[in-house]
Amino acid sequence: MKTLPKGANAPLSSAGTVRIELCWPPNRDTLDVVCFAVGADGRIPSDDWFVFYNQPQAPGGVVALSTPAAGRAEIRVQPECLPAGVDRLVIAAALSHGAFRDLIGARLTATPAAGEPLAFELTEAGDEQALIFAELYRHGSGWKLRAIGQGFRGGLQPLAEHFGVAVAEEATTSETPIPPPIEPSPSAPTPPRPIPLESTPPPEPRRRRARRLTRLLTLSVLLAAATGAVWFFKPAWLAFPGELWTDLRDRLAYGAPPTTALEAPQPATPAGIGTETPPSRSRPTSMRYQAPTCPWDDTQVFERYHALGENYVRILQRVEHSNKLLGKWRQELRRSTDACPTTLVDGNRQEIEQLSQLPVSAWMEEATKLNGCAGLMIKRLDKELNQESRPILIQRLVREADRARNLESDLTDIARDLAYLRNKTARLLDGFQENIEACGH
Amino acid sequence: MPDRFIPARLRLRPGLLLCALLLSAPLWAQEGQYSARNPNRSNPTVILEAEMSNIRASSAQLGARIQTAMEKLEEVARLTSEQEKEAQVDSLFFTLRDEVYGVLNKLDLNSDFADALNRAKEGTIVLKSWYERQPPDYPNREQSIAQLERAIQEYDIVDERLNQSRTLAQEKLSTIMRQHRVILQEMKIGKVLEAIAAARSVVEGLNDITQAMTVVEQKTQQSLQASVPIAN
Numbered sequence: 001m002k003t004l005p006k007g008a009n010a011p012l013s014s015a016g017t018v019r020i021e022l023c024w025p026p027n028r029d030t031l032d033v034v035c036f037a038v039g040a041d042g043r044i045p046s047d048d049w050f051v052f053y054n055q056p057q058a059p060g061g062v063v064a065l066s067t068p069a070a071g072r073a074e075i076r077v078q079p080e081c082l083p084a085g086v087d088r089l090v091i092a093a094a095l096s097h098g099a100f101r102d103l104i105g106a107r108l109t110a111t112p113a114a115g116e117p118l119a120f121e122l123t124e125a126g127d128e129q130a131l132i133f134a135e136l137y138r139h140g141s142g143w144k145l146r147a148i149g150q151g152f153r154g155g156l157q158p159l160a161e162h163f164g165v166a167v168a169e170e171a172t173t174s175e176t177p178i179p180p181p182i183e184p185s186p187s188a189p190t191p192p193r194p195i196p197l198e199s200t201p202p203p204e205p206r207r208r209r210a211r212r213l214t215r216l217l218t219l220s221v222l223l224a225a226a227t228g229a230v231w232f233f234k235p236a237w238l239a240f241p242g243e244l245w246t247d248l249r250d251r252l253a254y255g256a257p258p259t260t261a262l263e264a265p266q267p268a269t270p271a272g273i274g275t276e277t278p279p280s281r282s283r284p285t286s287m288r289y290q291a292p293t294c295p296w297d298d299t300q301v302f303e304r305y306h307a308l309g310e311n312y313v314r315i316l317q318r319v320e321h322s323n324k325l326l327g328k329w330r331q332e333l334r335r336s337t338d339a340c341p342t343t344l345v346d347g348n349r350q351e352i353e354q355l356s357q358l359p360v361s362a363w364m365e366e367a368t369k370l371n372g373c374a375g376l377m378i379k380r381l382d383k384e385l386n387q388e389s390r391p392i393l394i395q396r397l398v399r400e401a402d403r404a405r406n407l408e409s410d411l412t413d414i415a416r417d418l419a420y421l422r423n424k425t426a427r428l429l430d431g432f433q434e435n436i437e438a439c440g441h
Numbered sequence: 001m002p003d004r005f006i007p008a009r010l011r012l013r014p015g016l017l018l019c020a021l022l023l024s025a026p027l028w029a030q031e032g033q034y035s036a037r038n039p040n041r042s043n044p045t046v047i048l049e050a051e052m053s054n055i056r057a058s059s060a061q062l063g064a065r066i067q068t069a070m071e072k073l074e075e076v077a078r079l080t081s082e083q084e085k086e087a088q089v090d091s092l093f094f095t096l097r098d099e100v101y102g103v104l105n106k107l108d109l110n111s112d113f114a115d116a117l118n119r120a121k122e123g124t125i126v127l128k129s130w131y132e133r134q135p136p137d138y139p140n141r142e143q144s145i146a147q148l149e150r151a152i153q154e155y156d157i158v159d160e161r162l163n164q165s166r167t168l169a170q171e172k173l174s175t176i177m178r179q180h181r182v183i184l185q186e187m188k189i190g191k192v193l194e195a196i197a198a199a200r201s202v203v204e205g206l207n208d209i210t211q212a213m214t215v216v217e218q219k220t221q222q223s224l225q226a227s228v229p230i231a232n
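Protein chains in written order, with the numbering used here: chain X, 1 to 441; chain L, 1 to 232.
Derived from the structure by calculation, the hints contain no laboratory data.
Here the structure is a predicted model, which means the values were calculated and not measured.
One thing to keep in mind: the hints can contain errors.
No more than 20 Å apart at the CA atoms, straight line, and that leaves these computed lysine to aspartate or glutamate pairs for DMTMM-like [claimed, not checked]:
id, chain 1, residue 1, chain 2, residue 2
1, X, K328, X, D298
2, X, K324, X, E353
3, X, K144, L, E49
4, X, K379, L, D137
5, X, K379, L, E132
6, X, K383, L, D112
7, X, K6, X, E124
8, X, K144, L, D112
9, L, K219, L, E49
10, X, K144, L, E160
11, X, K324, L, E160
12, X, K328, L, E49
13, X, K328, X, D338
14, X, K328, L, D98
15, X, K379, X, E353
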């Protein structure tokens, strides 16, 4: 069995079923092992591809999670049966309380149907409540396993949201967290875990009646609140109940996550015309259309854009620095006649560690979101411009529209560069690993 | 405060103002300019075209070296001095080894060519996702998405071919190094003809690399042609 250090990767035979086992001391906290099957954009194609305790299987059973014993979880994967849209499987775990520093020694083992098993042992962790152990990713025509061991502050919910899972929140908030900057950020509070179902003794009849009454009362209040909310936010649903059906049907057919922010204008549907043929469910993921929304106002968009820009420049410089180092060390290795110097091996390891923590995907995602916001901003300003006749205001609106266009253009370039930088980072990691392997480590 | 300091402070004021202006300049000048800070910003397909011509040149150079090496081996076979034969074969193999090293550098996972290829591929993926975010009635949306998807698949094929070519070049490099020693040994013990025949087969085998590189080049060309969305 080959044990991978943090950041290292190795090919994994993908024929048949790959068994990924996560073991931790059974006397410690219970780990919620999860798996995200994500696409090239770093997000799950739909919530079906988030495998966790309440959904232990992905479509077709290509990824299946089980917990055969205390202190052990098992994920069975059939890499060759995964759809082409799935680029990697991220294997992570979350803690209900405590921190991962208490679980040092937890071990992940990936055993292919044929070929050498690969292992990764958690040797360092901080006060994180969620941790990405490893990822199985496509490499050429095969698959590779990369040991990550990267903590994620805030627990399961932010981790799931990071990979595009629409998490039903208890209280909605318009604030979306900015991706972590390159410097370490302070820890976020841990969200409460879903309350597990427990078998309780049956209550006494009088208490039962009281409970039933309370439930009825709560239900009535909730129904009244829901009706009020519909009347306030979606009056069309009360006027034309068919619209409610159309909306629900679209959400089910396209799997679109519910959005509470800006919505694209929808054509008015007269009452009774809500029975057109629903779009086919077999529509490919890549062709799905989701009306753009932006959860931020213009000022917030520009603030986030500047934060993105600063981090983008830092990522650029970091990757460029690593690229130069790789070239330099490669040359040194080729020219070297003696054994590899320890400093060179250590240097390569350090680069792997630092590069694997670079939040390129998170910023890439942010750039895409902001790009959508810029598009909406342009549309809104163009609309306002068409309705405006006062020259001074037209001048101001033209300037704002130009500013929004520049923003969109820069964000498109940034998104493109970040996509490349994410790809380059993965290749650099492979390159540094090759150097370490060339040194016989 | 003594009076003599006042003129000095007054003289400094315009300088301070200028400094303040310069310091604040990035705040208003940089808006929409972050991507311009990338020194490698350029059209990815243009970079790839340029890198492809480098690959083509490298492949052609290796082809020419193979041809020369074959001719050289014919001459070596006609030489009478054993020492001279050894020296010629030695020099020939060193030249070829350096040439394959050069090719390997071009095919490396982090080579300029691989960078350009991946930059073009990632750019195409981002472009496709942009089209996907447009409303269904956006002109040529579906056709562009389908075309860009094909281009991405083509890029994947190039990537695979590139990996194969790299593996092939690495294998050939190992063969050159192993055979070099064997051939020199054979020459020393008088098996000159066998040694030259072996050398010829090694050199001929290098043609596989140039063929593989030609395939990479052709596939890249196809990907480039497919990576342009349908005009509105």
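Enumerate the violated hints, using their earlier numbering and listing them in ascending order.
-> 1, 3, 6, 8, 11, 12 and 15
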